[in-house]
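Guided by the hints, dock chain B onto chain A, whose structure is given.
Below are the chains, spelled out letter by letter.
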Amino acid sequence: MRFAKELLLDDLKVNKQELFKKAADKLCKEGFVKESYLSALTNREKVFPTGLQTKTIGVAIPHCDPENVKKDGILVARLKQPVQFNQMGDAETKVNVYLAFFICSTGGNEQLADLRELMKMFQDKDFLTTVYKSESLLKTLLSWKE
Amino acid sequence: MAKTINLLAVCGSGTVSSTMVAEKASSYIESLGYNVNSQELNPQQASVRIPEGQFDLVIYTSPIPGTFEVPIINATGLLTGIGEEQVYSEIKQALEK
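Quick note, the sequences are listed as chains A and B, same order.
Quick note: the first sequence uses this note's numbering, first residue 112, plus one each step.
Quick note: the second sequence uses this note's numbering, first residue 2, plus one each step.
Extracted from the complex, chain A is given alone in its bound form (with noise of 0.2 Å):
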């Protein structure tokens, strides 16, 4: 699973607009998405929200279009304070969403297994929590066994 130092956006305090913004400047200095992809990311999620209530914690996997993007990546956000997003598939469902996985998509079948891992992580009974709670976010997350 592709998880980098230069990924990750810890102990955030802010609403759901400032959390796309600071994802959005991260990835484009990391050069993995174009300029569009703030409004290309804000749009999609008002139209298919991302949020997944999990047996555990609610997570969130705001993406885009592939066009968006440069290079396939997946930005890991940590949220002191959870923020609200609604249900993919069901947008009268609210989520509070804890972590955000940013997935950035060339839509090439390379992130097949990244997407794959990312599925059973969601469905883990004690992973998302023990990252949430985790000292140190990386190394967590590189624990994960694949």
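It should be emphasised that the hints constitute simulated quantities derived from the structure, not laboratory data.
Since the structure is predicted, the reported quantities are computational estimates derived from the model, not experimental observations.
Take these hints with a grain of salt, some might be off.
Claimed, not checked - Residues from chain A that keep clear of chain B, each with C-beta distances beyond 12 Å, as calculated:
hint, residue
1, L118
2, R155
3, P193
4, L223
5, R227
Claimed, not checked - When the alpha-carbon atoms are kept at most 27 Å apart in a straight line, the in silico BS3-like pairs for lysine-lysine are as follows:
hint, chain 1, residue 1, chain 2, residue 2
6, A, K133, A, K191
7, B, K93, A, K236
8, A, K231, B, K98
9, A, K133, A, K182
10, A, K250, A, K157
11, A, K166, A, K236
12, B, K98, A, K166
13, A, K205, A, K256
14, A, K244, A, K145
Cβ coordinates follow ideal geometry from the N, Cα and C atoms, glycine included.
Quick look at chain B alone, frame taken from chain A:
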């Protein structure tokens, strides 16, 4: 020769979440003894393509505008693990029809 199921997975961008649910649904359908041919689309593309009739089953994480004759199942539960069994049983029922 096992029957081949043409599966369509739909999500907002037609890439990320549809890929995730398509993988899981395909493994499940294969475990029932079918072959699977899967494709991913966004909802707008899906609205146009479903009526063309080449899909046996549609799963989605973003609602698809329109009404269709093919069975259409909300598969968000495959991402979260909540209601996963429900999704599987709906898939199974749809295939037995």
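Requested in this report: Identify every previously stated hint that the structure contradicts and give their numbers, smallest first.
Outcome: 2, 4, 5, 8, 10, 12, 13 and 14
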